[in-house]
Amino acid sequence: MLNIKYKDKKQSTRDGFGRAMSELSDDPDIVVVTAELGTSIKLDQFSDASRYIEVGIAEQNMATISAGIALTGKKVIMGSFASFNPMRNFDQIRISIVQQNANVKIIGGHSGFSYGGDGQSVQSLEDIALMRSLPNMKVYVPSCAEEAYSMAIQMVGEYGPSYLRIGRDLLPNWNLTEEDFQLGKAQILREGSSCTLIACGYMVSESIEAAEELSKEQEIECSVLNVSTIKPLDSKTILQYAKSTNGIVVAEEHQLNGGLGDAVANLITREYPTKIKYVGVDNKYGQSSRDEKTLRSFYGLDKEAIKKEVIELLSEE
Amino acid sequence: MEKNEIVELQKISKEARINVLKMTTIAGSGHIGGALGIADVMTYLYFKELNIKKVEKHFDESIQRDSCLNDDRDRFVLSAGHMVPILYSMLIARGFIDESLLNSLRDLESLLQGHTTINLEIGVETTGGSLGQGVGIACGFALSNKIYRKSGRVYCILGDGELNEGSVWEAIMFGAKYKLDNLVFILDRNNIQQTNFGDEVMPLDPVADKFKAFNWETIEINGNDFNEIENAFEKAKGIKKKPSIIVANTIPGKGVSFLENDYIWHSKVLNNEQLTLAIEELNA
Numbered sequence: 001m002l003n004i005k006y007k008d009k010k011q012s013t014r015d016g017f018g019r020a021m022s023e024l025s026d027d028p029d030i031v032v033v034t035a036e037l038g039t040s041i042k043l044d045q046f047s048d049a050s051r052y053i054e055v056g057i058a059e060q061n062m063a064t065i066s067a068g069i070a071l072t073g074k075k076v077i078m079g080s081f082a083s084f085n086p087m088r089n090f091d092q093i094r095i096s097i098v099q100q101n102a103n104v105k106i107i108g109g110h111s112g113f114s115y116g117g118d119g120q121s122v123q124s125l126e127d128i129a130l131m132r133s134l135p136n137m138k139v140y141v142p143s144c145a146e147e148a149y150s151m152a153i154q155m156v157g158e159y160g161p162s163y164l165r166i167g168r169d170l171l172p173n174w175n176l177t178e179e180d181f182q183l184g185k186a187q188i189l190r191e192g193s194s195c196t197l198i199a200c201g202y203m204v205s206e207s208i209e210a211a212e213e214l215s216k217e218q219e220i221e222c223s224v225l226n227v228s229t230i231k232p233l234d235s236k237t238i239l240q241y242a243k244s245t246n247g248i249v250v251a252e253e254h255q256l257n258g259g260l261g262d263a264v265a266n267l268i269t270r271e272y273p274t275k276i277k278y279v280g281v282d283n284k285y286g287q288s289s290r291d292e293k294t295l296r297s298f299y300g301l302d303k304e305a306i307k308k309e310v311i312e313l314l315s316e317e
Numbered sequence: 001m002e003k004n005e006i007v008e009l010q011k012i013s014k015e016a017r018i019n020v021l022k023m024t025t026i027a028g029s030g031h032i033g034g035a036l037g038i039a040d041v042m043t044y045l046y047f048k049e050l051n052i053k054k055v056e057k058h059f060d061e062s063i064q065r066d067s068c069l070n071d072d073r074d075r076f077v078l079s080a081g082h083m084v085p086i087l088y089s090m091l092i093a094r095g096f097i098d099e100s101l102l103n104s105l106r107d108l109e110s111l112l113q114g115h116t117t118i119n120l121e122i123g124v125e126t127t128g129g130s131l132g133q134g135v136g137i138a139c140g141f142a143l144s145n146k147i148y149r150k151s152g153r154v155y156c157i158l159g160d161g162e163l164n165e166g167s168v169w170e171a172i173m174f175g176a177k178y179k180l181d182n183l184v185f186i187l188d189r190n191n192i193q194q195t196n197f198g199d200e201v202m203p204l205d206p207v208a209d210k211f212k213a214f215n216w217e218t219i220e221i222n223g224n225d226f227n228e229i230e231n232a233f234e235k236a237k238g239i240k241k242k243p244s245i246i247v248a249n250t251i252p253g254k255g256v257s258f259l260e261n262d263y264i265w266h267s268k269v270l271n272n273e274q275l276t277l278a279i280e281e282l283n284a
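Heads up: the sequence lines are chains A and B, in that order. Just so we're aligned: the first sequence equals residues 1 to 317 in the working numbering. Just so we're aligned: the second sequence equals residues 1 to 284 in the working numbering.
Mixed in with the good hints, there may be bad ones.
Heads up, simulated SDA-like pairs for lysine to any residue below, C-alpha to C-alpha not over 25 Å straight-line [what the hints assert, rightly or not]:
{"#": "1", "chain 1": "B", "residue 1": "Lys-146", "chain 2": "A", "residue 2": "Ile-311"}
{"#": "2", "chain 1": "B", "residue 1": "Lys-177", "chain 2": "A", "residue 2": "Asp-44"}
{"#": "3", "chain 1": "B", "residue 1": "Lys-212", "chain 2": "A", "residue 2": "Ile-57"}
{"#": "4", "chain 1": "B", "residue 1": "Lys-146", "chain 2": "A", "residue 2": "Gly-160"}
{"#": "5", "chain 1": "B", "residue 1": "Lys-241", "chain 2": "A", "residue 2": "Glu-36"}
{"#": "6", "chain 1": "A", "residue 1": "Lys-75", "chain 2": "B", "residue 2": "Asp-74"}
{"#": "7", "chain 1": "B", "residue 1": "Lys-177", "chain 2": "A", "residue 2": "Gly-160"}
{"#": "8", "chain 1": "A", "residue 1": "Lys-293", "chain 2": "A", "residue 2": "Ile-311"}
{"#": "9", "chain 1": "B", "residue 1": "Lys-241", "chain 2": "B", "residue 2": "Ile-147"}
{"#": "10", "chain 1": "A", "residue 1": "Lys-75", "chain 2": "B", "residue 2": "Arg-149"}
{"#": "11", "chain 1": "B", "residue 1": "Lys-146", "chain 2": "A", "residue 2": "Glu-36"}
{"#": "12", "chain 1": "A", "residue 1": "Lys-243", "chain 2": "A", "residue 2": "Ala-265"}
{"#": "13", "chain 1": "B", "residue 1": "Lys-146", "chain 2": "A", "residue 2": "Gln-45"}
Far from chain A by the CB rule (all over 12 Å, computed), these chain B residues [said to hold, decoys possible]:
{"#": "14", "residue": "Glu-5"}
{"#": "15", "residue": "Lys-22"}
{"#": "16", "residue": "Phe-47"}
{"#": "17", "residue": "Asp-98"}
{"#": "18", "residue": "Asp-199"}
{"#": "19", "residue": "Asp-209"}
{"#": "20", "residue": "Lys-212"}
{"#": "21", "residue": "Thr-218"}
{"#": "22", "residue": "Glu-220"}
It should be emphasised that the hints constitute simulated quantities derived from the structure, not laboratory data. Note that beta-carbon positions come from the ideal geometry of N, C-alpha and C, so glycine has one too.
When you get a sec, could you build the whole thing from the sequences and use the hints?
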């Protein structure tokens, strides 16, 4: 079991991503493309201006320009808010990038309820579902800054299209080394035999807190899995914990339709049917809020919701 | 251009038109109107303008994609990807595709897919089919060549119906911003679309003025006249600090009297009788 102590500083996944961009600046084969939101998602920490391309507020063009550059043998990183990238340019991503297997890394920032004030149009709750549906697409959702940093570096090191979902919130960094974060591998952050909590992104820290409180308050011991690679899913690890606990609760900052919950459900149904419950947005859109904590609780995305599902699951026959 | 050279090019164009009609009739579907109209521009590109050669191996991760890395070749993008039969005809004429594949258009597992599908081994640089995307990819090719100091030029044919798509204009603004003087667009201005004449679906005129307003060098020609085609490409070569667009006014269905200027033939193919008549006319 990995030590889940928090590191002292809280950072955002966009901070970790920005650090990766800064480090990658000297790779002459990398070109970065953005649609005016490079600063907001820390893409602009890429410091070589000759390979930092600003297309203006034109996400569809961002995707086709990126594809064209990638097809000349380069590694392209293109980023904007998740609500526009992949939403606005899904056609272009599908055909110009994925159908050609172009080497483009797609960065979706301000994801989920990262930004309360802007309201529902910017709150992307469907991007994981969209990207999962594409053949050849890998889907990565880091849960802390250091994981975001590590995933970004590794993404650039592998070939083909992939998606990185990041946000603004200041989150604890797990006390792990960079080597512990491997694309395609879930991390086991806590061991416990009652129930398995599976989460990605923001909801991982909520799941850890839920597990700690369930342990103190109810003597229920949960395992916690950070499933940061949603596609391809780490089936082996998930099934191992499905088999050794009484059931699974999946938590994500996304619609219940089409996200991590559905990915896990698909696996479980086929390989090892067991009890499974979900914490996510239930077919609703977001709205404005002056703080994100209140907003998330409003939509049932917090440790209380996770605890409730665990208790229900364990009380069912 | 010398008279005998024009005769040679006209011969190639004619053969290409015949192949377009043959392959689509055999396939039972395909787009012929625009393909016939743009055949002369395509012939000029593939026999006088493009610096290309047969690529040995399509990109492959395990060998680090050596066939698209770091070379100085010209690249051609068919953004109006549905006109692919004329591209296949050119590639057959240049020896990139074996003539025996003529009867395999749109067949299951065929190399000749119904819209452009990337395959460097047969000379198809990029996938098309959803209008308004190839133009952006062409800009990406051209920008990469600028950044990495490659001498290859980029040519892209787009349709006038395609101009309905907003993403085309995003690419056009982009081309001007980055001063892509290694980039030449050719607009197939034939005024036909799927359901009607272009002006009835969405009026575009004054179309040339639009490109000038977007800071592109704009050259208007009769797209079925080889002298005008040559002059346009030569002029484009000399333009610095801005990309060029050749507005090629073409006759859709050119060369076959019962196909010319009728939007019905945008995506309708000939039956065997009509094919025989058409070939007779073209050969006359």
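So, going through the hints one by one against the coordinates:
1. Between Lys-146 of chain B and Ile-311 of chain A the CA atoms are separated by roughly 61 Å; this puts the pair beyond 25 Å, and the hint is violated.
2. Simply put, Lys-177 of chain B and Asp-44 of chain A have alpha-carbon atoms about 19 Å apart, close enough for the 25 Å limit, and the pair holds.
3. Taking the CA atoms of Lys-212 of chain B and Ile-57 of chain A, the gap is near 22 Å; set against the 25 Å cutoff, the hint holds.
4. At roughly 24 Å between alpha-carbon atoms, Lys-146 of chain B and Gly-160 of chain A fall within 25 Å of each other, so this suggested pair holds.
5. Between Lys-241 of chain B and Glu-36 of chain A, the direct Cα distance comes to roughly 24 Å. Compliance with the 25 Å bound is thereby established for this hinted pair.
6. For the suggested pair Lys-75 of chain A and Asp-74 of chain B, the alpha carbons sit about 21 Å apart, so the restraint of at most 25 Å is met.
7. As the CA atoms of Lys-177 of chain B and Gly-160 of chain A are separated by approximately 28 Å, the hinted pair breaks the 25 Å bound.
8. With a CA separation close to 23 Å, the supplied pair Lys-293 of chain A and Ile-311 of chain A stays within the 25 Å bound.
9. Proposed proximity of Lys-241 of chain B and Ile-147 of chain B is supported: the alpha carbons are some 14 Å apart, at most 25 Å.
10. About 17 Å separates the Cα atoms of Lys-75 of chain A and Arg-149 of chain B, which keeps this hinted pair within 25 Å; it holds.
11. A hinted pair counts as satisfied when its Cα atoms are at most 25 Å apart, and Lys-146 of chain B with Glu-36 of chain A qualifies at roughly 22 Å.
12. For the hint pairing Lys-243 of chain A with Ala-265 of chain A, the CA-to-CA distance comes to about 14 Å; that is within 25 Å, so the pair holds.
13. Note on Lys-146 of chain B and Gln-45 of chain A: the hinted pairing holds, with a Cα-Cα distance of about 23 Å set against a maximum of 25 Å.
14. At the 12 Å boundary, the C-beta of Glu-5 of chain B stays outside the reach of chain A, the nearest C-beta of that chain being 33 Å off.
15. The claim that Lys-22 of chain B lies off the interface holds: its Cβ sits roughly 28 Å from the closest Cβ of chain A, which is beyond the 12 Å cut-off.
16. The Cβ of Phe-47 of chain B lies farther than 12 Å from every Cβ of chain A, with a closest approach of about 25 Å, so its non-interface assignment holds.
17. Against the 12 Å criterion, Asp-98 of chain B stays outside the reach of chain A, whose nearest CB is about 24 Å from its own CB.
18. No beta-carbon of chain A is positioned within 12 Å of the beta-carbon of Asp-199 of chain B; the least distance is around 26 Å.
19. With 12 Å as the threshold on Cβ separation, the claim that Asp-209 of chain B sits away from chain A holds: the shortest Cβ distance comes to roughly 22 Å.
20. With 12 Å as the threshold on Cβ separation, the claim that Lys-212 of chain B sits away from chain A holds: the shortest Cβ distance comes to roughly 20 Å.
21. With 12 Å as the threshold on Cβ separation, the claim that Thr-218 of chain B sits away from chain A holds: the shortest Cβ distance comes to roughly 20 Å.
22. With a cut of 12 Å on Cβ distances, Glu-220 of chain B stays outside the contact zone with chain A, its closest approach being about 25 Å.
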